[in-house]
Amino acid sequence: MLFSERSIWTMLHGIGLGGAALLGLGAALFYLYAARSPSDSTDPAARSGAFAGITVGTAVTLWLAVLVGTYIIFPPYRATPPPGVSDLREFPRAMLLAAPGTAWLHAFAMESKEHMPWIASMLTTAVAFVAVRYRSKLLQDPSLRRLSMALLAVSFALVSFVSLMGMFVNKVAPLD
Amino acid sequence: MATTGVSMAAREVNGSAIAALLAAGIGAMAMGAAVLLNEAGIFVAPTLYAPAGGVSGRTTLATIVWLIAWAVLHNRWQAREIAPGRVGGLTLILVGLGLLGTFPPVWALFG
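If you read the sequences in order, they're chains A and B.
Numbered per the numbering used here, the first sequence spans residues 89 to 264.
Numbered per the numbering used here, the second sequence spans residues 159 to 269.
Think of the hints as simulated: they come from the structure by calculation, not from any bench.
Hints should not be assumed to be uniformly reliable.
[Unchecked claim] Here's a subset of chain A near chain B, in silico, CB distances under 8 Å, partners left out:
id : residue
1  : Phe91
2  : Phe162
3  : Leu185
4  : Ala187
5  : Thr190
6  : Glu202
7  : Trp206
8  : Ala214
9  : Ala241
10 : Phe249
[What the hints assert, rightly or not] 20 Å max Cα-Cα, derived DMTMM-like pairs, lysine to aspartate or glutamate:
id : chain 1 : residue 1 : chain 2 : residue 2
11 : A       : Lys225    : B       : Glu239
12 : A       : Lys225    : B       : Glu197
13 : A       : Lys259    : A       : Glu178
14 : A       : Lys225    : A       : Asp131
15 : A       : Lys259    : A       : Asp131
16 : A       : Lys225    : A       : Glu93
Beta carbons: idealized from backbone N, C-alpha and C, even for Gly.
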């Protein structure tokens, strides 16, 4: 078999869900930025409906990514090798911690990935709720728009950071 | 009809929006606090799923705090107009503090 089940889950988590979330967050941020000077040629209801769709889709994608990451990918990553096992390739955390040069990939990179994405999911969900409930008011109200943009920007930065950390970890200790 | 009237009026004020955004900040702060307290050995959230370890308890706890805060704030503010400046600033501060709490280099200061 070309890819193991664990490898497929990892790709779904990082490339599929994480990648889609980054695209969605980027699109949502652009929408809010563009709404600073609304175009007369576009129906406000249509614009706000599209924005609500993007943010809801992104929030759902982010929650799927954190749930898959926490409950499907993380357990085999952190599994403790049985005594006497010298080949640690099946035990990524133990493998990273075994070498001083790679220990930071667990102590910093993976430890960051354990919690930060949950915060990104909460922030994005809050903006998605506002987008659905308030529709065009969110795009037209400068204070609401600015605060939503700030939270989405934080979320985008967090997802970018943990994605990069995930790439580093997976490069050195892949979950095969 | 009265319900529809209230619902339409509630949509005109920003209370629900500000409640949702502030609650997200509280959730972020709860996540950071749960992690920091765990690293300092002061409070360890119970593990809910053993294969995932303590992260399952910490994240679930913070998620519950977030949802409760959201429900409470929503109920209190849904029919009110809230000045967004202060609450927005508070939200960003809470998010910042929460992120600091989840940032591993910070743990060394408390561990």
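Verification of the supplied hints:
1. Phe91: Violated. Min distance 22 Å.
2. Phe162: With Cβ-Cβ at 5 Å, under 8 Å, it holds.
3. Leu185: Violated, about 14 Å.
4. Ala187: Result: violated, 18 Å to nearest chain B Cβ.
5. Thr190: Not OK, violated: Thr190 (chain A) not within 8 Å of chain B, min 15 Å.
6. Glu202: holds, 5 Å
7. Trp206: Hint holds; Trp206 (chain A) Cβ to chain B Cβ min 5 Å, cut 8 Å.
8. Ala214: holds, 4 Å
9. Ala241: violated, 11 Å
10. Phe249: violated, 10 Å
11. A:Lys225 x B:Glu239: holds, 13 Å
12. A:Lys225 x B:Glu197: violated, 42 Å
13. A:Lys259 x A:Glu178: holds, 14 Å
14. A:Lys225 x A:Asp131: holds, 13 Å
15. A:Lys259 x A:Asp131: Roughly 46 Å separates the two Cα atoms, so the pair is violated.
16. A:Lys225 x A:Glu93: With Cα atoms ~45 Å apart, Lys225 (chain A) and Glu93 (chain A) exceed 20 Å; violated.
Consistency with the previously given hints fails for numbers 1, 3, 4, 5, 9, 10, 12, 15, 16, ordered from lowest to highest.
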